[in-house]
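Assemble the whole structure, with the sequences as input and the hints as a guide.
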Amino acid sequence: MSERPKQRRPATFRLDDPSVVVVDAEDASRPARGAIQVTPESDPALLPVVIEPPVIRRRGFRWGTLFWTATAGLVLMGAGLGVTHLIEDLFARSESLGYVGLGFAATATLALAVVIGREAFGLARLGTIEKLHLRAAEVLASDDRAASRAVVNDLLELAHQNPQLAHARAALQGHAGDIIDGADMIRLAERELMTPLDREARRLVSAAAQRVSIVTAVSPRALIDVLFVLVASLRLIRQLAYLYGGRPGTLGMIALLRHVIAHLAITGGVAASDSLIQQMLGHGVAAKLSQRLGEGFLNGLLTARLGLAAIEVTRPLPFTALPQPALADLAKDLLRKKEEEE
Amino acid sequence: MTTSIQHLIEEARLSARALFDFGESLFNPTLRLGVTGLSRAGKTVFITALIHGLTRGGRFPVFEALATGRIGRAHLAPQPDDGVPRFAYESHLQSLIGERHWPSSTVDISELRLVIDYQRQNGADRTLTLDIVDYPGEWLLDLPLLTKSYAQWATESLALSRAAPRVHLAQDWHAHLATLRPEAAQDEQATLIAAKLFTDYLRACRDERFAMSLLPPGRFLMPGNLAHSPALTFAPLDVSGDGTAPEGSLWAMMVRRYEAYKDIVVRPFFRDHFARLDRQIVLVDALAAFNAGPEALHDLEAALAGILDCFRIGRGTLLSTLFRPRIDRILFAATKADHLHHASHDRLEAVLRRAVSRAAARAENTGAAIDVVALAAVRATREATVAKGRDKLPSLLGTPAPGESANGEIFDGNTEVATFPGDLPADPEELFRDDAFRGLSSAAADSSDFRFLRFRPPLLDRDGIDEPALPHIRFDRALQFLIGDRLQ
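Protein sequences appear in the order of chains F and S.
Under this note's numbering, the first residue of the first sequence is numbered 1, with each subsequent residue one higher.
Under this note's numbering, the first residue of the second sequence is numbered 1001, with each subsequent residue one higher.
Hints in this document: simulated from the structure, not taken from any laboratory.
Be a bit skeptical, because a hint or two may be false.
Said to hold, decoys possible - Just so you have them, the derived chain F footprint on chain S, three or more residues with Cβ under 8 Å: (1) 1376–1386; (2) 1407–1417; (3) 1421–1434; (4) 1450–1461.
Ideal Cβ placement from N, Cα and C applies to all residues, glycine included.
As structure tokens, then:
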């Protein structure tokens, strides 16, 4: 045992021994000399645990998907038939025209294939991120070490595409061999990888909100307001998705938008009841100055709210170690920037 | 030739049974949970805690189906096999909670069926039937015998008994063995004496001070209803592997009885209870081996490797479900984690991972899911820090079982103590070297490197008329891994 000097000997103490003192954890007084002090530790297993009910995923047969698939197949076949007829007609008229038509058709098919491939890739990517989010949440609950390693590995792969994260990735990989519990590993990964991204995301959201509030305050027509808000929101969601590693195409954007809106619907009520009303009352000075300015501010807030929902949806990890950006912070940004500009 | 035909018949029987089970489970989804473990690993306590936790509703935050309330109720149902005794759940629970002592060691096989009514995540009402079997852990040691001939087994047993520290315990038997000639005429009296001395030697190896695990044949230690039958009256002889037994010799009689033992005892046991498992938890009591010494740890490793080779492991396919059921999830669990401060649980898991590495690698290659966890089905201790001079020892508070001793003092079962059991090394390899640490088998009680006291079950307050929930460590994680996916 000489090669392991740090090895401590086993020892046992009777609690009714006069030299053994049992003290509470709060009572950290120095023990008397020679006394043996026993401090019972609070038991983490007895603390109440909050369990989030899992999102109920739709299972079973998807008739809607089947319908759209079948319809798309029919449309594609119809188009194919039409194009074939057209090329046949062109060949009948003149051979050179026919070849030109054939070339166009081939190019269109190739482009369509590439577009479809990109869309599928984007959707798969979004699916991966969403699954990663769920798996990370599961690990946080179960504290499973092997699963946490798998999540972190996938996360590192995802982060590989973002060169800004090179340093953070290296730091995280340095910890890969250490003995760290599952949940702690996820928290560590969040702190390392998500901190710069969260800062950037917050900047994006407040910039978009600010732009929306200014444009809607000065725009002459309501229709322009609506269009601008729509475009700005879509752009914001796309930017956020790119930031957190997703590459959504058109279909991906539709899927994301659905998720964001669903998320807004779930959390919107809560937000409206606490922070939004507070914001309206507290910082409503602008509204008193002018109705248009107030409308602009409100639109900006709504965009920020949408941005927050989009962050929740596109972020590959749930918020645990890092604070979730709140609407109040963004509203402050919005007002401060306005004041700076004014 | 005969062995291959025997093998074919055995396989056909297993397949027929599997097909029958499959038909049954179409209407009534059934999960056979194999609770595997050597003796004193804590199988009975695990099963009792499992049933109690599911029927009463325990504190299982990680076990998703129960924690989110999707399990409507779980209740005991009449078991499927009429020829097997019922698992005495109520009396085990009474001894745990009421009398605060661990259930006495299992002497015979028993069975229980638990029916879980739950709602799937999409809202559909479903029922899952869980069949659990409890049996003496000693019997598990017989499974590796299925593939061994008498000569192989005798050679291995002799080689084992001639290594330290067993050689001292086997002196009497070795002395008698030296008087036997395998080619001599068969002699019932000599066989009886040899079998008795051999059994005594096995029993001595099992003592707490040595805690040996690799002690086949298991029925010698726990005979059940077959005590004193000829199938249990044989012993290893000093025979070479290539010779054949002359007709009418002592050797031939031993071979016959060994084969009878396999036919009467081992094969039916395997067929009825192990060939049909869906999920398996392997309970390992590593702490007893730490108490005893490195030899006990090596022995445990060898015993586990031999047993795990017998199971059919792999990802299930349709064909395999029909004809050859396989175990698709295995959890290796280091039990009695409550005898160790939680800061050391990772190290305990690492030791177990090292001890089962061969079996785990094999399981992983076949596509089965495996996991290693340190758990306590019933938690008997609380944690505390003991400050003694400058040292701060991560310790445990609990009531040692009557008869346990430390510092030369024997406890009566009522005194509470704080105990620090010793530090596990960060690198598990350190424990697997020879002479890596001193245990009870080679050193006096006060100079061993580890001392894990056995504690009495915890004192629990009844909340109202309900039975109290049993405290545990990571039991919910084990449940989630074993049956969570079938309750989605």
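Checked hints:
Counting residues of the segment 1376–1386 of chain S whose beta-carbon sits less than 8 Å from any beta-carbon of chain F gives 6, enough to reach three: the coverage restraint holds. Coverage of the segment 1407–1417 of chain S by chain F holds [criterion: at least 3 residues with CB-CB distance below 8 Å; count 5]. As drawn, the segment 1421–1434 of chain S meets chain F at 6 residues by the rule of a beta-carbon pair under 8 Å; at three or more, the given contact holds. Here the segment 1450–1461 of chain S counts 3 residues with a CB under 8 Å from a CB of chain F, which clears the bar of 3, and the coverage holds.
Hint compliance for this structure: no hint is broken.
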